[in-house]
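Q: Each protein sequence line maps, in turn, to chains C and A. Per the numbering used here, the very first residue in the first sequence carries number 41; after that it's consecutive. Per the numbering used here, the very first residue in the second sequence carries number 172; after that it's consecutive.
There's no promise every hint is true.
In silico contact screen, one side only, chain C against chain A (beta carbon under 7 Å); selected entries [said to hold, decoys possible]:
(1) 53
(2) 66
(3) 71
(4) 82
(5) 132
(6) 145
(7) 146
(8) 150
(9) 151
Within a straight-line C-alpha distance of at most 27 Å, the following computed DSSO-like cross-link-like pairs (lysine-lysine) qualify [said to hold, decoys possible]:
(10) C/66 x C/96
(11) A/238 x A/223
(12) A/215 x C/96
(13) A/242 x C/66
(14) A/193 x A/207
(15) C/66 x A/212
(16) A/238 x C/140
(17) C/110 x C/140
(18) C/110 x A/190
(19) C/109 x C/66
(20) A/180 x A/215
(21) A/211 x A/190
(22) A/211 x C/110
(23) C/140 x A/223
(24) A/190 x C/66
(25) A/190 x A/242
(26) A/207 x C/110
(27) C/140 x A/212
(28) A/242 x C/96
(29) A/190 x C/140
(30) C/140 x C/109
(31) A/211 x A/223
(32) A/215 x C/140
Honestly, the hints are just simulated from the structure, not real lab data. Owing to the predicted nature of the structure, the values given are computational and were not obtained by experimental measurement. Heads up, the beta-carbon is just placed ideally off N, CA and C, and yes, glycines get one too.
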Amino acid sequence: SQQGEEDPQALSIQEGENATMNCSYKTSINNLQWYRQNSGRGLVHLILIRSNEREKHSGRLRVTLDTSKKSSSLLITASRAADTASYFCATDAGIQGAQKLVFGQGTRLTINP
Amino acid sequence: DTAVSQTPKYLVTQMGNDKSIKCEQNLGHDTMYWYKQDSKKFLKIMFSYNNKELIINETVPNRFSPKSPDKAHLNLHINSLELGDSAVYFCASSQPGTGGVEQFFGPGTRLTVL
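Same shape as in the complex, but just chain A (with noise of 0.2 Å):
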């Protein structure tokens, strides 16, 4: 009965090879999110989905492109991978709402570039 799950837990992979993390929630939430937490524990958030348009774009490399297929799912392709971008993704999952709602996280997909 996972709320957001995430796709593989775990991937490691050689520098300039393509990967993607898929994320899927079943809590019915219009909104999406991609995380990147490093090696000093620092969450950033990557992008934001609402109802499957990007609402939020941070700096990130345009090696990174998400993808939102329906308002469910939200997956992450990363094109030639990087050593720096070994670190652990989480994607978290919101229903819109005035004041603030929390957000609900996947179990994170730890990629580990060689």
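Just chain C, same shape as in the assembly (with noise of 0.2 Å):
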């Protein structure tokens, strides 16, 4: 069954305001990923956080971890046009030699000029 479950489905902010995103999880992870998928493009990873890591940054980037409520939170702050994108939470089960990332659903977030 699917790990991750993204909220919202859909966002559409006004250039400038933050966007937050939300992950929920049912099992126990090794860590959590986030990445982005442009239209029609692959994805991009953008961060990652392990288990025992509560709060991680990158640039305009802020992953927060609540592993009791088995839940994530991505934050873009000042967002961009070129924010405009599918966002993908994945979690790491952690097998052996190889990762088995299993990925929500995604959030649709439109940023309008």
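Could you use the hints to bring the two separately framed chains together as a complex?
A: What follows is the structure, encoded as structure tokens:
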């Protein structure tokens, strides 16, 4: 069964505003990752947060992880038109020799100029 | 200077045909993956190879057969194509590491079965 569920499914905001996306999962994880997918393109890795971390920053991105609630959030501050994309969370179940990432359904983010 | 490349980008074919998708990575990674993304954007892992050895084999029909001639290449062959096989197929690679590592994705191959 699908591990990650994202909320909202779609989000439309004005340029300059902050965007927050949430991800919930069901089982214990080794780490959780966020990816961006522009229309018609492959996924691009944004940030990885390990199960023993609570918060991580990368540029305008802030990710939190609450393992007690099995949830994570991605905050994009001061959004830009170029941030328009789908954002996916992926949980890592951890198999020796390979990662088995299980993806959520994604949040489609639209930044209006 | 593409890190993970896939060919072809688009593939349109008739039901019942056999087709292959090729993937190559020049990152020196040991692990490669195949994912399927359906029309609702749901992305699901199909296979993973680590240094040419099959590591992950999800519940995928045996019409799908991955082949890894060397650790830089992972091809996907599909026999007797069905309408439900229409999707975007992504190849990815990573280098194993403790605590988790990022995966690098190819641009995808859009397969349409008529």
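Q: Indicate, hint by hint, whether the structure satisfies it.
A: Do the hints match the structure? See the list:
no.: 1; hint: 53; in the structure: 20 Å, violated
no.: 2; hint: 66; in the structure: 16 Å, violated
no.: 3; hint: 71; in the structure: 3 Å, holds
no.: 4; hint: 82; in the structure: 4 Å, holds
no.: 5; hint: 132; in the structure: 5 Å, holds
no.: 6; hint: 145; in the structure: 6 Å, holds
no.: 7; hint: 146; in the structure: 5 Å, holds
no.: 8; hint: 150; in the structure: 14 Å, violated
no.: 9; hint: 151; in the structure: 18 Å, violated
no.: 10; hint: C/66 x C/96; in the structure: 21 Å, holds
no.: 11; hint: A/238 x A/223; in the structure: 8 Å, holds
no.: 12; hint: A/215 x C/96; in the structure: 26 Å, holds
no.: 13; hint: A/242 x C/66; in the structure: 33 Å, violated
no.: 14; hint: A/193 x A/207; in the structure: 14 Å, holds
no.: 15; hint: C/66 x A/212; in the structure: 20 Å, holds
no.: 16; hint: A/238 x C/140; in the structure: 19 Å, holds
no.: 17; hint: C/110 x C/140; in the structure: 18 Å, holds
no.: 18; hint: C/110 x A/190; in the structure: 40 Å, violated
no.: 19; hint: C/109 x C/66; in the structure: 9 Å, holds
no.: 20; hint: A/180 x A/215; in the structure: 19 Å, holds
no.: 21; hint: A/211 x A/190; in the structure: 23 Å, holds
no.: 22; hint: A/211 x C/110; in the structure: 24 Å, holds
no.: 23; hint: C/140 x A/223; in the structure: 17 Å, holds
no.: 24; hint: A/190 x C/66; in the structure: 36 Å, violated
no.: 25; hint: A/190 x A/242; in the structure: 21 Å, holds
no.: 26; hint: A/207 x C/110; in the structure: 25 Å, holds
no.: 27; hint: C/140 x A/212; in the structure: 18 Å, holds
no.: 28; hint: A/242 x C/96; in the structure: 32 Å, violated
no.: 29; hint: A/190 x C/140; in the structure: 26 Å, holds
no.: 30; hint: C/140 x C/109; in the structure: 22 Å, holds
no.: 31; hint: A/211 x A/223; in the structure: 31 Å, violated
no.: 32; hint: A/215 x C/140; in the structure: 10 Å, holds
The structure fails to meet hints 1, 2, 8, 9, 13, 18, 24, 28 and 31 from the earlier list, while all remaining hints are met.
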